[in-house]
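So that you can map any letter, position 112 of the sequence shown is 112 in this note's numbering, and since no number is skipped, the others follow by simple counting.
Hints listed in this document are in silico derivations from the structure and should not be mistaken for laboratory results. Warning: the hint list may mix true and false statements.
Derived pair list, reagent style BS3-like, types lysine-lysine, alpha-carbon separation capped at 27 Å [as the list claims (entries may be wrong)]:
(1) K107 with K122
(2) K110 with K82
(3) K133 with K262
(4) K82 with K122
(5) K181 with K215
(6) K110 with K181
(7) K110 with K29
(8) K64 with K122
(9) K122 with K110
(10) K247 with K181
(11) K215 with K133
(12) K215 with K249
(13) K82 with K107
(14) K247 with K64
(15) K29 with K181
(16) K29 with K82
(17) K122 with K133
(18) K122 with K181
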Amino acid sequence: MALRFDGKVAIVTGAGNGLGRSYALEMAKRGCAIVVNDLGGGLKGESAEASAPRPADVVVSEIKALGGSAVANYDSVEFGEKIVATALEAYGHVDIVINNAGILRDKTFKRMPQSDWDMIMKVHIAGVQAVTKAAWTVMLEQGYGRIVNVSSPAGLYGNRGQANYSTAKMGMVGFTQTLAKEGGRNNVHANCIAPVAGTRMLASVFPPEFIAMLKVDHITSLVVYLCHDSCQENGGIFECSGGVYQKVKLARSVGWTADLSKGDPSVEDVAANIGVIADMEGHIIPDTDEVGSRDGINNVMAHAKL
Numbered sequence: 001m002a003l004r005f006d007g008k009v010a011i012v013t014g015a016g017n018g019l020g021r022s023y024a025l026e027m028a029k030r031g032c033a034i035v036v037n038d039l040g041g042g043l044k045g046e047s048a049e050a051s052a053p054r055p056a057d058v059v060v061s062e063i064k065a066l067g068g069s070a071v072a073n074y075d076s077v078e079f080g081e082k083i084v085a086t087a088l089e090a091y092g093h094v095d096i097v098i099n100n101a102g103i104l105r106d107k108t109f110k111r112m113p114q115s116d117w118d119m120i121m122k123v124h125i126a127g128v129q130a131v132t133k134a135a136w137t138v139m140l141e142q143g144y145g146r147i148v149n150v151s152s153p154a155g156l157y158g159n160r161g162q163a164n165y166s167t168a169k170m171g172m173v174g175f176t177q178t179l180a181k182e183g184g185r186n187n188v189h190a191n192c193i194a195p196v197a198g199t200r201m202l203a204s205v206f207p208p209e210f211i212a213m214l215k216v217d218h219i220t221s222l223v224v225y226l227c228h229d230s231c232q233e234n235g236g237i238f239e240c241s242g243g244v245y246q247k248v249k250l251a252r253s254v255g256w257t258a259d260l261s262k263g264d265p266s267v268e269d270v271a272a273n274i275g276v277i278a279d280m281e282g283h284i285i286p287d288t289d290e291v292g293s294r295d296g297i298n299n300v301m302a303h304a305k306l
């Protein structure tokens with residue numbers, strides 16, 4: 001049975017091109033009303049030419065041609081309340097937020113100007129917070145919501161020349177898991193993807209033959225499922241590319257436990273045991289249902305047999 005979104009309203013940021021456009025079109029085909037948000041700028045966040053057609057309008061026209069319902073929004077994600085207001089004015093509620101909008105300002109950390117750092121944080125952190133915050137109260141009050149945030153392999157593992165982007169994208173992991181804990185009781189779920197897809201952003205750094213393997217549709221299938229009311233995943237991190245889908249979790253080593261009856265561990269004690277501390281064989285997946293640092297406290301107590 002096809003998964004439908006009849007009666008649901010979704011905001012998709014950065015939906016004028018690439019992945020965002022694909023999400024918007026696929027969900028519209030399945031009955032979802034779409035707020036197509038796109039500022040219309042370039043990959044680095046620069047303003048679009050005034051004479052150029054607005055990408056949000058183009059996608060809205062595509063959706064309407066398919067028989068779907070959509071409205072355009074041209075605000076920057078830093079003004080998230082305006083984007084959510086567009087949904088409420090047009091449809092009266094909002095059920096789904098896909099925080100897709102993003103830019104790149106790649107340089108090695110040594111050469112990166114403060115403006116490039118600040119702009120990435122403005123879009124990828126402050127922008128995501130602003131849109132989500134504006135929709136959050138609505139979702140909690142109606143007892144339903146689905147949020148998909150976007151991390152990146154660069155966020156999970158780091159990448160040369162992307163200190164700003166990697167920092168912001170790892171921030172999405174903690175943000176998502178906290179939202180999942182706070183919203184879960186109200187049936188508001190948040191999940192996070194770390195995709196690699198052949199978009200114009202990736203095409204700026206990889207050859208065409210590689211881009212052709214990484215179909216946008218592969219990512220869309222996962223994101224649309226995560227937005228559906230039948231999906232019970234909450235707080236998940238999913239890598240996806242080229243038809244490969246994998247869930248990611250943080251892991252800790254078994255580690256070394258100091259004998260505190262002999263005194264506090266010294267620097268030399270840690271140095272002598274760093275091999276055991278860093279050995280990931282037999283690693284442990286922390287209980288992500290625990291709240292914040294409580295899992296770390298429980299871990300210490302377990303090792304100390306308290």
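Pairwise hint evaluation, K215 against K181, where the allowed Cα distance is 27 Å at most: 32 Å, violated
Pair hint outcome, K82 versus K107 [Cα-Cα no greater than 27 Å]: With Cα atoms ~32 Å apart, K82 and K107 exceed 27 Å; violated.
Hinted pair K122 and K110, Cα distance within 27 Å: 20 Å, holds
Restraint check for K110 with K29, where alpha carbons must lie at most 27 Å apart: Not satisfied, since the Cα-Cα distance of roughly 46 Å exceeds 27 Å.
Pairwise hint evaluation, K133 against K122, where the allowed Cα distance is 27 Å at most: Cα-Cα ~15 Å, so holds.
Pairwise hint evaluation, K249 against K215, where the allowed Cα distance is 27 Å at most: Distance of about 25 Å is within 27 Å: holds.
Pair hint K82 and K122, alpha-carbon separation not exceeding 27 Å: Measuring from Cα to Cα gives roughly 16 Å; hence the hint holds.
Pair hint outcome, K122 versus K181 [Cα-Cα no greater than 27 Å]: 25 Å, holds
Restraint status (C-alpha distance of K110 to K82 at most 27 Å): 36 Å, violated
Given hint K122 paired with K64 - CA-CA distance at most 27 Å: It is violated: about 32 Å lies between the C-alpha atoms, which goes past 27 Å.
Distance restraint between K29 and K181, which requires alpha-carbon spacing of 27 Å or less: 31 Å, violated
Distance restraint between K110 and K181, which requires alpha-carbon spacing of 27 Å or less: With a Cα-Cα distance of about 37 Å, the restraint between K110 and K181 is violated, given a limit of 27 Å.
Hints 2, 3, 5, 6, 7, 8, 11, 13, 14, 15 from the list above are not met by this structure, while the remaining hints are.
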